[in-house]
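Chemist: These two chains come separately, so use the hints to put the complex back together.
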Amino acid sequence: MVHDIQPEPPFTLSGAELTRHPERTVRVSRIATALGVLGVTALLGALGFMVTSTVYLTVTKSRDWHDMLDWWDAGMALIAVLPAAFYAWRWNRIKAAWTFRGYHLGAEELYLRTGLLHRSFTVLAYARIQEVNVSSGPIQRRYRLVTVTISSAAGSDAVENVDPQTARDLRDRLTELARERRLPV
Amino acid sequence: MTEPLQGRLHPVTPLRRSWAVLVGIGILTYNQRDLFSVGTSGTKEQIDVPVWAACAIVTVLVGGVVSLFVAAWWHSHYSLDGDTLGYRSGLLFKVRRHCDLDHVQSVDIVRPFLGRLIGVCTLRVVMSGTTMTLSYLTLNQARTLKARILAEDTSDEKLYQVKTKDLVLALLLDIGTNVWSLVLVAFGILPYVLSGELLTLSTLIAFVPKVWRLTGKRLFVYTGWSVTRTAEGSYRTDYGMFDTQQYTYRDSRIASIETHQPLLWRRLDWVEVKVAVAGAAAPGLLVPVCPRSVAEKMVLHLLGAEAVSHLHEPVPAPAEARKATPFYKALGYRLDNGFFTSWRGFFLRNVTTVAPVGRIQSVSIDQGPWQRKLGLASVYAHMAGGNSVPAAHRTNVESADLATCLYEHSMDYAEAKPGHQAGLVNTGR
Chain U
1 MVHDIQPEPP FTLSGAELTR HPERTVRVSR IATALGVLGV TALLGALGFM
51 VTSTVYLTVT KSRDWHDMLD WWDAGMALIA VLPAAFYAWR WNRIKAAWTF
101 RGYHLGAEEL YLRTGLLHRS FTVLAYARIQ EVNVSSGPIQ RRYRLVTVTI
151 SSAAGSDAVE NVDPQTARDL RDRLTELARE RRLPV
Chain E
1 MTEPLQGRLH PVTPLRRSWA VLVGIGILTY NQRDLFSVGT SGTKEQIDVP
51 VWAACAIVTV LVGGVVSLFV AAWWHSHYSL DGDTLGYRSG LLFKVRRHCD
101 LDHVQSVDIV RPFLGRLIGV CTLRVVMSGT TMTLSYLTLN QARTLKARIL
151 AEDTSDEKLY QVKTKDLVLA LLLDIGTNVW SLVLVAFGIL PYVLSGELLT
201 LSTLIAFVPK VWRLTGKRLF VYTGWSVTRT AEGSYRTDYG MFDTQQYTYR
251 DSRIASIETH QPLLWRRLDW VEVKVAVAGA AAPGLLVPVC PRSVAEKMVL
301 HLLGAEAVSH LHEPVPAPAE ARKATPFYKA LGYRLDNGFF TSWRGFFLRN
351 VTTVAPVGRI QSVSIDQGPW QRKLGLASVY AHMAGGNSVP AAHRTNVESA
401 DLATCLYEHS MDYAEAKPGH QAGLVNTGR
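Taken in order, these protein sequences are the chains called U and E.
Mind the numbering: the first sequence is residues 1 to 185 in full-length UniProt numbering, read in order.
Mind the numbering: the second sequence is residues 1 to 429 in full-length UniProt numbering, read in order.
Next up, chain E with everything else stripped away, as it sits in the complex (with noise of 0.2 Å):
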């Protein structure tokens, strides 16, 4: 522990980064390519270039190209000396980055498909307010400085793991985005109907990312997704078929969780958990699919034993809610044991939040003029991580004590450290 952990990044690593460059510069020439003629002298307009000058100029662009890259990378040096991971790099731009490694929030390895051909990985330092990537050290380094970074010992549990035959098939009855995909491809192929040409198939091409990400990129991303308890008490996820991928939960910083089931679900009782956290624009996934129960386990683990006992029984909308919204069955929620949860569906989907009350930012009540007319308020609490619980449709009364006591018990129930700093994560050093 007394020397510093220190060294240079992988070689592979200007390559990489110099690929980008040279098909940029490649494009461009052959964009440009009616105006030179190679080795033939072609028309007037054309500039004359022998075939030796071309090869020249060639060889001396790429190698000029890569050889900045390997002068960046031969500058390279990272070193943990501590507490403090410095990362220094560059030739022309100078990059030095030193990070307090007081405030880590998670370290997590990426091994990218191709990386993992070669034996390269990115190590990846969460810290509160900042990210910190190491591109392409090997593998052993990689986990060298995690190990010194975490100071963990490997006692990990792991809680559950997807099956791919569950995920293939979760994925198909996954009706909603199925049906959106295809409506997706029907706008594509709906010049061709039309005109007959089959050119205008092109179109297909601009909506092949979007139904892609949809379909196909799902499977790829979420095969082998497995749910580990670290020896230090956070939550990792581990997923992916080509690019392996992790991403770390820490409770303290759980702002809320979300069970979506969609319709054709709901006979396998199969949901979807995502877990909101501060600092992250919209909720994260924990689990793409698995048992309700699973899911309820998994509620245990993240907020406590009181939070699993709610989800169930919820306080359903009043009479009025009907004429607001045709959905007002599935609508509900409760608020005691210090945690807030409620319950959404639209037709295709059942969503259940839950949220620990002591993690509510403000509480907002809302109308507007149909439910004014009917005396109808929501009342919404808004948390961390892009997320807010409501509870739609109430009556203005019951609103009024929803909103007060949601308010006082996020005062009560909030973790009061005095002196402490927004943002400050106990990592138990």
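So here's chain U without its partners, still in its complex pose (with noise of 0.2 Å):
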């Protein structure tokens, strides 16, 4: 039931088609997003519970949180489950994003590809890659992920959630290739 996001002009490449990110990645992008999901939550909790205590006691003018207990309507809790209903919604579309994320080592440069509602087509060339870092939080660990940090003079761009295998071939590849080419800034 997921539905692609089929890249079209000017997002394609003529000539190649760019390489996917493994499977894997999906599962900890949606447990990223659940991870952020939760903390929404917490925090449209916490502001809620701010809001309505400062209403009742400035309206009221009574201390005693029995009755603010009881003033409190149960139904106020729902609002605490938007942010899952939301996380439900993007469920698919974490899926939808991953099938549009791609990269492709061109002859003499790098092409990346990202988004979802906010899609980026990025062309990099090796001649201007300054830094190759390789980093890795602890769920990405979990699944045997890295991202891939590529810096050049304007900036970092980085690629998440590659094979460890892969990223290390990239690095090699890419710093390689960056001092044989390198041109001044």
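Hints are not guaranteed to be accurate.
As the list claims (entries may be wrong) - Here are a few chain E residues that sit away from chain U, every Cβ distance over 10 Å (derived from the structure):
| hint | residue |
| --- | --- |
| 1 | 24 |
| 2 | 180 |
| 3 | 238 |
As the list claims (entries may be wrong) - Quick partial rundown of chain E residues pointing at chain U, CB under 7 Å, derived from the structure:
| hint | residue |
| --- | --- |
| 4 | 64 |
| 5 | 361 |
| 6 | 384 |
| 7 | 399 |
| 8 | 414 |
No wet-lab data here; the hints were simulated from the structure.
C-beta atoms are modelled at their ideal positions from N, C-alpha and C, and glycine is treated no differently.
Modeler: Shown next, in the form of structure tokens:
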């Protein structure tokens, strides 16, 4: 039931298909989004608590917390359910985003494509690369994925969630190519 | 040229450095003054300290701090020997720096206001990768060092000098900044207006630094702004009413040039010119206010003759862009002759950015959800120095073509010097 995102121009490359990231990336993205949603729920809950208690205290001027508990409606807890509903909607969209993401190592340049709502397609010449970093967070480590961050003089681009072997090859190849072809900034 | 230039930093240095430490200690003791009562015997919880003991302690403290710094200063030593600038100082925390002068980008003399009164200044040497500052040398020492490092002859050509009355008028007319400072001041006064208590005006204190930085500080920093072309081809800006400062730009390091024109400057056709160089976090200011013809002359100097023809005739945005942004009329770009120029205009500012295509780092096509519905995309050419040149809201096909062209041109026009490392600046030695 996943509606894949079909890359269309301007996000396609003539003559080459962009490699997709490994499938377990989807699970890592889902876990990360779940954690984010939990955080947002906690934040919303704290905010709601503060706002309603402030309103109650200023309006009624009573300092008895029993009255406040009675005053709170059980229906307000539904607001906390909203982020979970959002997450259920995103469940399939995360996989759809995965179908759109990709990278490709051309002859002289690197192509990166990412995004779901805000899509982007970047081309970066090897000659401009100044730094290649490989890093990995705890959830990524559990699923054996790493993030490769490539820096040029204009800032860094991160290729997230790649297989470690691919990342190692990428890093070696990029640093070697960058060294050969390096251009002055 | 044979014997090395060396010496010690100016004697004022330890006093200036110990000043901050003494003020810190003073504040600490003032905060704890309730613990002690000097002279008279106070309440039971206070420690009684006779006056002579207090004076002795103060003298010992002050003398100790100052003598520590004086000892550090006594052991300080700079030397310029051939191609190496070495600096050594410190007693407890030793500092030893040796910098190879092959990659010097600029040597500037910075003169703080108090330093000008005493006659000392700071020498700042910027190399690719590091900056070395020698604090508090006499002006003669600094000038000799600078002349030796750059081996320059003093045939400089002053390109433009900003007149003070133009600057004042321009700052007054800069309505965006003025309105923002008024808004901040209004926020500061709001508690007073609401409550009527005079003490609430103290919230203004929180906003004063920001407002000052937006208004008065700009006047003091931009006074006397002049752009000079030095003998070896770099462009130096001198500015400052109290603290005289300099900043040097080399045309081989320039990633892009921006001209801003706020709304009220349009009648006088004044622009503000900013230059982005590799290694800086944000574009630096080249001229705070100048007529557009002078800005074009700057572009001519910095980027060459082909760039100047670029400042006109943009390719406008397609019709669908009208639904994407209300400022669609001001959007435009131009790509030929090895330069990529883009126009952006908001209600208060009109911005033109010129970038040499050979210095483009990466190209990206971005598309937000609204643009997707309209079939538009934006192309960004990422440059060094914190800028990216956008061609916003183009049709899908046009963006794909533009991105491919930009990328191919960036490789064609790149100053390919195989075997050189990135960041090497050819100083002509």
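Chemist: Each hint should be assessed against the structure and marked as holding or not.
Modeler: Cross-check of the supplied hints:
1. At roughly 38 Å from the closest C-beta of chain U, the C-beta of residue 24 of chain E stays outside 10 Å, upholding its exclusion from the interface.
2. Consistency note on residue 180 of chain E: stated as away from chain U, and its beta-carbon is indeed over 10 Å from all of that chain's, at 27 Å minimum.
3. Taking the minimum C-beta to C-beta distance to chain U, about 26 Å, the non-interface status of residue 238 of chain E holds against the 10 Å cut.
4. Violation of the interface hint for residue 64 of chain E is found here, the shortest Cβ-Cβ separation to chain U being roughly 46 Å, above the 7 Å cut-off.
5. At about 4 Å, the closest approach between the beta carbon of residue 361 of chain E and any beta carbon in chain U falls short of 7 Å, and the interface hint on this residue holds.
6. Below 7 Å, beta-carbon pairs count as interface contacts, and residue 384 of chain E has one with chain U at about 4 Å; its hint therefore holds.
7. Among the interface hints, the one on residue 399 of chain E holds; its C-beta lies about 5 Å from the nearest C-beta in chain U, closer than the 7 Å criterion.
8. The interface hint given for residue 414 of chain E is met, as the beta carbon of that residue sits about 5 Å from the closest beta carbon of chain U, less than 7 Å.
Going down the numbered hints, you'll see the structure goes against just number 4.
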